[in-house]
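There are 2 protein chains.
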Amino acid sequence: ACGSHATSDTPPKPPADHRQLGVQQELFATSVYSPGSPLLLPNGARIFNRLVDFLRNQYVRYGFQEVITPTIYKKALWAKSGHLENYSDDMFTVTSTSPSRNDATESTEEDEYGLKPMNCPGHCLIFAAQRRSYRDLPIRYADFSPLHRNEVSGALSGLTRVRRFHQDDGHIFCRPSQVEEEIRKTLDFVRVAYNVFKLGPYRLALSTRPADQYIGTADDWDRAESALKRALESSGQKWTINEGDGAFYGPKIDIILRDSDGKEHQTATIQLDFQLPKRFELEYQAPAPELEQKGETTTDAEKLSEFGPVHPVLIHRAVLGSVERLMALLIEHYNGKWPFWLNPRQVIILVINDSPPVLDLAKSVQEMLLGVEDPTAAEQGPVVNASQLSVDVDNRKISIGAKVREAKAKGYGVIVTIGPRQLPKKTVTVDLSRFSDGTPGDIHKQKEMTPQELLTLLKAKVDAYA
Amino acid sequence: ACGSHATSDTPPKPPADHRQLGVQQELFATSVYSPGSPLLLPNGARIFNRLVDFLRNQYVRYGFQEVITPTIYKKALWAKSGHLENYSDDMFTVTSTSPSRNDATESTEEDEYGLKPMNCPGHCLIFAAQRRSYRDLPIRYADFSPLHRNEVSGALSGLTRVRRFHQDDGHIFCRPSQVEEEIRKTLDFVRVAYNVFKLGPYRLALSTRPADQYIGTADDWDRAESALKRALESSGQKWTINEGDGAFYGPKIDIILRDSDGKEHQTATIQLDFQLPKRFELEYQAPAPELEQKGETTTDAEKLSEFGPVHPVLIHRAVLGSVERLMALLIEHYNGKWPFWLNPRQVIILVINDSPPVLDLAKSVQEMLLGVEDPTAAEQGPVVNASQLSVDVDNRKISIGAKVREAKAKGYGVIVTIGPRQLPKKTVTVDLSRFSDGTPGDIHKQKEMTPQELLTLLKAKVDAYA
Ligand SMILES: [Zn+2]
Ligand SMILES: [Zn+2]
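Here the protein sequences line up with chains F and W, keeping their order. Okay, so the first sequence: first residue is 1049 according to the working numbering, each after it adds one. Okay, so the second sequence: first residue is 1049 according to the working numbering, each after it adds one.
Keep in mind that a hint or two might mislead.
[As the list claims (entries may be wrong)] Among chain W residues calculated to face chain F with C-beta under 8 Å, some are:
(1) L1087
(2) F1096
(3) T1119
(4) I1289
(5) T1345
Bear in mind the hints are in silico, worked out from the structure with no lab data behind them. Each residue gets a CB set at the ideal place from its N, CA and C atoms; glycine is no exception.
Next up, chain F with everything else stripped away, as it sits in the complex:
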């Protein structure tokens, strides 16, 4: 408040703003033509793709199968899912401009689509498309589709208040008896992910059955809530209860992150859903179906001999939540100083002069680090296992000092210098001072190494998500 009196002190550093850093690091842009739909520039797309790649790696362990589902569905689907009734203000409508392209013969009503705000109905269609047995469950679908929600335009801003975004969306279809294990695994996934990003601490909040209106029986809810509590307990994380705060269709767990400024952000969610499986008439075949529906087992041979349909439990879950929103959090969390694996500006090669041998060496080092070199081939074959590192070359005719300053200001993780001195041994001079997160001993660490040694070092860093 009295900032004007404190002229000799360093002014309090304003909290990082992802919009400002986003411009500075060329991560994303906005346009009047697409309010609420940011454009991810090459640097932003790199981060986005690495986050998706990180998730895809984890999906293998947690048993998620990726699917790719439509962007627009007929209104009839949104009627079936209940979105038309409860969510239509937040949805965009899609129509055909040309009467000749209409599907409907009589009314035009049937020819309207909703632009999807979530993936669940599509995943229900996939579940329903085949006959399922209890042996097939749990079935877990993941989807990175773009989603649209019609936020009021006044609220739109950067990557956090948007109309278009991507969730690391997942839906688990499981037997009632599998709920606890699935929640446990999901909480473990959250732990692993937030550890990697060094985000946290976070707290877990369980929202339970609302007092007045809910679907299913009180027994269904009690069983599910007990399973959630046991999973929360075994997670070893702090958790609290928001009594009666659940949605009418099922209890949920929110993951609430505290950032470095103490501000809380709800990111991941785990939402049980007793409703959609009924609306979509989802079922699987199981022995002793009545007991199965309650999550109970039996050894009674007679009951086991009877097979019948059971509704699966549906669990909606997102670990990052909105990928764009998590990017905004990470931008502010790291304050523009990305860990190497996520850094959109990983390596820059500075040439000390622009003599042909120096430029040639710079180019061949760049290709080696990118993983595209194949110097022997006349007709080159396909690139295999490119490193997907970002490696730039600065060969402008300006002083090396100016290049180094600019490279540092731009946030490059590793600065490589190549000059006449490097030509005989074909080595490179590497400044790793930023690479090791600026730990004291490393400042201005300059090393002479072969390009291959450098690549090994960089790959190890990426493989450690560091």
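Given the structure of chain F, go ahead and fit chain W with the ligands onto it with the hints provided.
Positioned in the frame of chain F, the structure of chain W with the ligands alone reads:
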């Protein structure tokens, strides 16, 4: 025609139909709720993602930077790009259902969006968002966004006649003098890609300036067409000219593939565009701008000292074309017998009995092949570099013979058997008869190997795109 008389002969094999194979291999599904927007099931999504991954590897060599751009843009953008005028029948309109969410204060007209049928206008916005110098060019953007085109419903079918699809879309913004080199590289990219898929032969067709209506000067066209011809010539591929067949905004090269039935498919396209850079007022700063605009160079110091704005040439290009359509082509081309790297069913582990040690070994082999094992860790860290192989386990209580038959019918590339005999040495029995594309010597090749040896073998196959 006289098939009924030829009962003793094998009937002529009908050509493969991707829709039928798509159902059989569980690649995709269609729904009445999303006509023309197929749902890619886990197996289809695997193929899709591997194709994208293949392209991303090549993008590193060919210098494309990925961007992620909006799905909906205000109609004003489509007016600027010319799509509203020339393409509106093919476009879907997006509107807000809720009046409270409208952006426009007066008219509702301004509140309409077009669902994007192509990525070019978005990429032009990105190019225009920064001041560009001749030193920055060429700039190459790639985008895998879903696109929507409002085809008439009667024509919709499988993955080929769709309303929603993904292109391996790319836009090159280059100096007029760079056109030849960019076309040359793009043709090389096409060669590399179609070689990998063993698709072809293909022919190249150049469409030149239309007689009556075109934008730009005849000189612009002549220069561009000469550059295209030189690039075509140096490609070493067969090419022909469709005189006067170009669009009014620029010449193009079509890549026309002949399939095994002799049917031709237009897949890749390279389209020059003199129009969009003008409509979007795209420019870069260059010395001697008048000569630069003509693709000419000078050593005249006076002319070089003058800097000014120049319109870049825009090249639209897609190597696969529609990814969905290429998938359909590949399904029919391979007739369901996928090369290992693309096979959505790569490995299945069959257990000979369900004793706990056998099941344990099966599970640990599966995890090893998936790249998720970390048996020592109590609290597991993140998965790094999962193999992204598909590895299933069949532990049903049915005979091993029945399991093998089913695995073969389903098209698994590698069949691994584990029984009591494998327990002491923790090896696996591997049937590689399908792995090596059924070359004669390999039929029923059974090998005993360690899981690590098997993984090395599989990775080498994937790395060879084989
Ligand atoms: Zn959901
Ligand atoms: Zn285009």
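Open item on the list: Check the structure against each numbered hint from earlier and tell me which ones fail, lowest number first.
Closed with: 4, 5
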